[in-house]
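The task is simple: from the sequences and hints, build the whole structure.
Next come the chains, spelled out residue by residue.
There are 2 protein chains.
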Amino acid sequence: MNATPSSPGAAGLAAAGHLRVPIALDDRSYDIHIGRSLLTNASSWEGLPKARCAVIVSNETVAPLYLETVAARLRDHYAQVLSVVLPDGEQYKGWDAIERIASTLLEAAADRKTVLFALGGGVIGDMTGFAAAIYMRGVPFVQIPTTLLAQVDSSVGGKTAINHALGKNMLGAFYQPQRVIADLDTLRTLPDRELSAGLAEVIKYGPIADANFLAWLEANMDALRARDPSALAYAVQRSCEIKAWVVGQDERESGLRAILNFGHTFGHAIETGLGYGEWLHGEAVGCGMVMASDLSVRLGLMPPEFLARMTALIGRAGLPAKAPASIGVERFLNLMRVDKKAEDGEIRFVLIERLGQAVMRSAPDALVTDVIRQHSA
Amino acid sequence: MNATPSSPGAAGLAAAGHLRVPIALDDRSYDIHIGRSLLTNASSWEGLPKARCAVIVSNETVAPLYLETVAARLRDHYAQVLSVVLPDGEQYKGWDAIERIASTLLEAAADRKTVLFALGGGVIGDMTGFAAAIYMRGVPFVQIPTTLLAQVDSSVGGKTAINHALGKNMLGAFYQPQRVIADLDTLRTLPDRELSAGLAEVIKYGPIADANFLAWLEANMDALRARDPSALAYAVQRSCEIKAWVVGQDERESGLRAILNFGHTFGHAIETGLGYGEWLHGEAVGCGMVMASDLSVRLGLMPPEFLARMTALIGRAGLPAKAPASIGVERFLNLMRVDKKAEDGEIRFVLIERLGQAVMRSAPDALVTDVIRQHSA
Numbered sequence: 001m002n003a004t005p006s007s008p009g010a011a012g013l014a015a016a017g018h019l020r021v022p023i024a025l026d027d028r029s030y031d032i033h034i035g036r037s038l039l040t041n042a043s044s045w046e047g048l049p050k051a052r053c054a055v056i057v058s059n060e061t062v063a064p065l066y067l068e069t070v071a072a073r074l075r076d077h078y079a080q081v082l083s084v085v086l087p088d089g090e091q092y093k094g095w096d097a098i099e100r101i102a103s104t105l106l107e108a109a110a111d112r113k114t115v116l117f118a119l120g121g122g123v124i125g126d127m128t129g130f131a132a133a134i135y136m137r138g139v140p141f142v143q144i145p146t147t148l149l150a151q152v153d154s155s156v157g158g159k160t161a162i163n164h165a166l167g168k169n170m171l172g173a174f175y176q177p178q179r180v181i182a183d184l185d186t187l188r189t190l191p192d193r194e195l196s197a198g199l200a201e202v203i204k205y206g207p208i209a210d211a212n213f214l215a216w217l218e219a220n221m222d223a224l225r226a227r228d229p230s231a232l233a234y235a236v237q238r239s240c241e242i243k244a245w246v247v248g249q250d251e252r253e254s255g256l257r258a259i260l261n262f263g264h265t266f267g268h269a270i271e272t273g274l275g276y277g278e279w280l281h282g283e284a285v286g287c288g289m290v291m292a293s294d295l296s297v298r299l300g301l302m303p304p305e306f307l308a309r310m311t312a313l314i315g316r317a318g319l320p321a322k323a324p325a326s327i328g329v330e331r332f333l334n335l336m337r338v339d340k341k342a343e344d345g346e347i348r349f350v351l352i353e354r355l356g357q358a359v360m361r362s363a364p365d366a367l368v369t370d371v372i373r374q375h376s377a
Numbered sequence: 001m002n003a004t005p006s007s008p009g010a011a012g013l014a015a016a017g018h019l020r021v022p023i024a025l026d027d028r029s030y031d032i033h034i035g036r037s038l039l040t041n042a043s044s045w046e047g048l049p050k051a052r053c054a055v056i057v058s059n060e061t062v063a064p065l066y067l068e069t070v071a072a073r074l075r076d077h078y079a080q081v082l083s084v085v086l087p088d089g090e091q092y093k094g095w096d097a098i099e100r101i102a103s104t105l106l107e108a109a110a111d112r113k114t115v116l117f118a119l120g121g122g123v124i125g126d127m128t129g130f131a132a133a134i135y136m137r138g139v140p141f142v143q144i145p146t147t148l149l150a151q152v153d154s155s156v157g158g159k160t161a162i163n164h165a166l167g168k169n170m171l172g173a174f175y176q177p178q179r180v181i182a183d184l185d186t187l188r189t190l191p192d193r194e195l196s197a198g199l200a201e202v203i204k205y206g207p208i209a210d211a212n213f214l215a216w217l218e219a220n221m222d223a224l225r226a227r228d229p230s231a232l233a234y235a236v237q238r239s240c241e242i243k244a245w246v247v248g249q250d251e252r253e254s255g256l257r258a259i260l261n262f263g264h265t266f267g268h269a270i271e272t273g274l275g276y277g278e279w280l281h282g283e284a285v286g287c288g289m290v291m292a293s294d295l296s297v298r299l300g301l302m303p304p305e306f307l308a309r310m311t312a313l314i315g316r317a318g319l320p321a322k323a324p325a326s327i328g329v330e331r332f333l334n335l336m337r338v339d340k341k342a343e344d345g346e347i348r349f350v351l352i353e354r355l356g357q358a359v360m361r362s363a364p365d366a367l368v369t370d371v372i373r374q375h376s377a
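Protein sequence lines, in the order shown, are assigned to chains C and B. One point on numbering: in UniProt numbering, the residue at position 260 of the first sequence is 260, and numbering is uninterrupted. One point on numbering: in UniProt numbering, the residue at position 233 of the second sequence is 233, and numbering is uninterrupted.
Hint data in this document are derived by calculation from the structure and do not stem from the laboratory. Do not rely on the hints blindly, as some may be mistaken.
The list makes no distinction among identical chains, and a pair is therefore deemed to hold if it is satisfied within one copy or across any two copies.
Taking lysine-lysine and the BS3-like style, the derived pairs with C-alpha atoms no more than 27 Å apart in a straight line are [to be verified]:
hint, residue 1, residue 2
1, K50, K341
2, K322, K341
3, K322, K50
4, K113, K341
5, K113, K322
6, K113, K50
Computed from a predicted model, the values in this text were never measured in an experiment.
Okay, structure coming up:
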């Protein structure tokens with residue numbers, strides 16, 4: 001990645017209070033709204049597609065905190081506001097949830113102008129987006145991410161999916177939201193473990209796209225974990241800018257976009273190997289980035305100091321750096337072979353070839369095996 | 001519809017032996033191949049996307065007839081050729097089938113270049129297309145329709161879907177195939193009842209788009225039911241030309257395309273009301289066209305002779321003209337209110353305003369009730 005997008009810097013958002021990062025995708029373009037008090041701010045909800053009916057999809061953790069706030073705002077715009085509250089967790093990201101959303105819509109005779117609102121983390125966003133993509137072959141939807149991970153990654157870019165017992169995110173669609181509303185205040189209620197998981201996806205943007213951002217993260221990791229509002233604001237903003245830049249060039253992941261999966265090939269194998277819900281997605285990605293950094297070093301793309309630097313930062317973010325040895329090396333390898341980036345059974349890794357620049361590469365099984373062994377415990 | 005596409009006439013296909021009707025959709029364009037002996041003809045299978053793995057999806061009725069023929073041809077192009085054989089019938093067009101296809105793909109570590117082949121009628125085409133649309137967020141697929149209904153309608157145009165207990169085709173995607181291979185020889189093994197069901201979708205194209213074609217159908221209905229090869233060839237060709245013309249202008253059914261649903265609003269209510277699998281889709285559409293013709297007359301759009309003409313032609317095609325009274329008028333109306341064309345709970349009907357020209361209209365419940373009563377027994 002040679003020409004990263006410019007950023008107004010950490011002062012920009014604090015001054016503006018409410019920032020919009022555009023995602024440029026022709027007739028599927030939309031804005032990410034980033035700021036404080038967005039849920040209660042009337043302007044967050046203006047200009048969305050008109051319809052009789054709006055349906056908020058949330059989970060049992062988030063709904064008690066924010067569902068009524070959002071519903072109250074939506075009642076100004078929609079005659080009927082329904083909600084679907086699903087159980088919380090990656091293990092519920094399957095067809096049953098889609099079926100529940102569809103049944104609620106059909107029981108209410110919701111037509112194909114109905115707007116869905118995803119209120120929650122990445123799991124809620126992925127499921128709601130997929131339900132919107134397929135209900136009557138497509139209805140509009142809005143992302144309201146309430147976790148750091150969803151605000152910096154999963155709610156942006158239009159990847160939607162559910163899991164299959166044999167692989168994560170294996171069934172889904174590229175389907176863009178109408179808007180992303182990232183209210184930074186919702187991060188105050190986030191458990192520490194979820195904050196750390198989100199930081200994994202934030203850290204990712206450094207090595208793949210912006211060496212300066214990696215340095216900024218090293219300097220501000222303590223502030224981020226202490227939930228310093230301006231540090232969090234800048235981390236969300238810069239992450240979204242980089243993601244917008246990548247997705248704007250390669251919406252359907254035919255090339256460049258795959259770099260956003262740095263750490264994910266190893267990470268998905270950990271998640272699937274343990275069973276969904278054991279580790280958080282961000283935790284698996286954190287550990288996966290350590291593994292992918294090591295593989296980059298073993299292939300001679302990066303110096304050994306890079307692995308040390310990444311391992312230290314992942315640790316400071318509160319993320320595990322060792323995968324559970326119980327998965328087993330052979331099974332770990334097989335799980336990676338069904339990764340969506342694999343071709344002809346050959347695993348394709350996102351690796352770092354220079355700070356701020358990623359590359360797609362295959363690697364000898366022996367080397368990959370060494371990496372898995374080295375970072376399992 | 002003012003400017004219907006021109007046609008080379010009934011002699012065209014007989015002379016050419018193998019016809020290609022293009023569907024023009026920018027980078028999603030493809031050809032419908034129509035002709036005899038296409039399954040065994042090597043040229044049918046050339047130029048498709050390259051991949052390691054091809055997966056044929058078929059059903060228990062069609063697989064014994066044609067699966068091995070197709071698999072043999074595909075082995076010339078793909079290192080691994082797998083198959084999934086599903087139970088036969090509309091009642092199986094649900095998530096379980098998608099789950100079986102996905103499991104077969106994942107167990108074979110099928111990557112996102114894998115090509116799916118839908119070998120069968122409309123149900124197989126809809127399910128395979130939907131599985132292709134969502135597996136790893138989209139893999140290529142090819143339609144090999146073996147029923148008249150699929151050759152003239154469902155395999156062309158990229159509508160894919162599965163049913164929900166509360167409504168037909170409620171979950172799906174617009175997803176175009178790479179090619180449609182319509183081998184007319186496969187119609188020889190089609191049961192009479194399925195032939196009639198297919199004729200319903202053929203008849204549809206007359207009133208909505210081409211008055212001359214309607215007259216041609218009246219003159220050739222006996223030949224069609226006797227499976228006269230040149231009559232069938234022209235019926236498939238002309239139907240595909242009209243469908244290509246409509247879909248090329250409105251891929252995602254924001255307007256014009258809805259005219260292809262003439263008879264379907266009533267028809268879907270019959271199918272859902274009886275439970276999938278009781279009536280064939282084409283049978284319900286045939287009866288639905290009689291109802292929609294009557295509604296066109298009652299609204300003063302068409303003279304009474306039009307209803308008589310449509311009723312006679314539907315009867316000569318071997319299709320039922322009366323819906324089962326057991327559904328009940330109130331339930332019939334409610335089932336139509338969740339039709340995908342409904343807006344704000346108002347049912348939108350495709351009606352005929354001139355021979356060869358359709359229009360979208362709502363209608364007073366009282367009038368619709370009269371129509372349902374008149375054509376139920």
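Hints versus structure:
1. In this assembly of identical chains, K50 and K341 lie within 27 Å of each other by CA distance solely across copies; the values are 16 Å between and 38 Å within a copy.
2. Taking CA atoms no more than 27 Å apart as the test, K322 paired with K341 passes inside one copy only; the shortest distance there is 23 Å, against 53 Å between copies.
3. With identical chains, the CA atoms of K322 and K50 are never at most 27 Å apart, being 49 Å at best within one copy and 39 Å at best between copies.
4. With identical chains, the CA atoms of K113 and K341 are at most 27 Å apart between copies only, with a shortest distance of 10 Å across copies and 34 Å within one.
5. In this assembly of identical chains, K113 and K322 lie within 27 Å of each other by CA distance neither inside one copy nor across copies; the values are 47 Å within and 33 Å between.
6. Proximity of K113 to K50 under the C-alpha cut-off of 27 Å is restricted to the intra-copy arrangement: shortest distance 7 Å within a copy versus 38 Å between copies.
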